[in-house]
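Novice: Model the full assembly from the supplied sequences, consistent with the hints where possible.
First residue of the sequence shown: 1, per the working numbering; consecutive thereafter.
Possibly wrong hints are sitting among the right ones.
Under the rule of at most 20 angstroms between Cα atoms (straight-line distance), these lysine to aspartate or glutamate pairs were calculated in the EDC-like manner [stated by the list, open to error]:
| # | residue 1 | residue 2 |
| --- | --- | --- |
| 1 | 242 | 78 |
| 2 | 44 | 65 |
| 3 | 44 | 64 |
| 4 | 163 | 120 |
| 5 | 44 | 78 |
Note that these hints are calculated values from the structure, not bench results.
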Amino acid sequence: MGGRKKRRQREHSAEAVTKRQRQQDENQSFTTPEGQVLPAELKKYWRSRHRFFWRFDEGIQIDEEGWYSVTPEVIADDTALRVAQLHNDRHSEPDYGRICIIDAFCGVGGNTIKFAEWCEHVIAIDIDPQRLEMARNNAVIYGVADRIEFILGDFYQLAPTLKADVVFMSPPWGGPEYTDASVFALDSMPFHSAQEWVDRARLVSANIAFFMPRNCDPLQLADLVPDVPCDIELNYTSGFFKAITAYYGDLALFGSSDPQQLL
Numbered sequence: 001m002g003g004r005k006k007r008r009q010r011e012h013s014a015e016a017v018t019k020r021q022r023q024q025d026e027n028q029s030f031t032t033p034e035g036q037v038l039p040a041e042l043k044k045y046w047r048s049r050h051r052f053f054w055r056f057d058e059g060i061q062i063d064e065e066g067w068y069s070v071t072p073e074v075i076a077d078d079t080a081l082r083v084a085q086l087h088n089d090r091h092s093e094p095d096y097g098r099i100c101i102i103d104a105f106c107g108v109g110g111n112t113i114k115f116a117e118w119c120e121h122v123i124a125i126d127i128d129p130q131r132l133e134m135a136r137n138n139a140v141i142y143g144v145a146d147r148i149e150f151i152l153g154d155f156y157q158l159a160p161t162l163k164a165d166v167v168f169m170s171p172p173w174g175g176p177e178y179t180d181a182s183v184f185a186l187d188s189m190p191f192h193s194a195q196e197w198v199d200r201a202r203l204v205s206a207n208i209a210f211f212m213p214r215n216c217d218p219l220q221l222a223d224l225v226p227d228v229p230c231d232i233e234l235n236y237t238s239g240f241f242k243a244i245t246a247y248y249g250d251l252a253l254f255g256s257s258d259p260q261q262l263l
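Specialist: Structure, rendered in structure tokens:
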């Protein structure tokens, strides 16, 4: 009896050590097979790398901010197809690829690439030169770089000079901490409020797709542009609720300007 008891104690002790080791491993920075050193909190994003870019292993580049801000590829593809089809359906275009769209915060190119797969001309804007070069590299891997015009600059400053059919915006949300709030405050965004971003986009086009945190209030998003139709789309991937996209103008599938009919 005594031997079995001691053996169980040793087994429990070994399990505790293994558990502590796993916890320590999770809290340490790690180096990816590509040689990128990432902090521990980004490990879960790296494990989902093929959900962000299915061609990741072919040389895709992502910086630290890109890991938690890039749109999952299945969502980016759905958004691009919807934008291309709906805009041109409203304008009776024979080929829904003939459209110019601005990706106002292109980051490492997740949405930009998908827009370029469906649209004739994409203007990709980012304020960070290294991130813009990563987007260019990633677009080359997907074979769509020739459809993209890369611009280094601040969309807020550039907007009055731009022309396009559609503006897609996914401005900074303030990092992963946005999930801490039960309802995301639209005036808490870095640099400018959601209202300011939308007003700026309307200088370019009334047709706007606004990609926002999943904990936004849909009615507040509709109120940003009360005089035009708005749809709210809940974005899921692998069964998980990831984000909300507000569509304004010609991109509103159901064409309702009544916030109570959005969902």
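Novice: List in ascending order the numbers of the hints, as given earlier, that are violated by the structure.
Specialist: Hint 5 is the one this structure does not satisfy, whereas the remaining hints hold.
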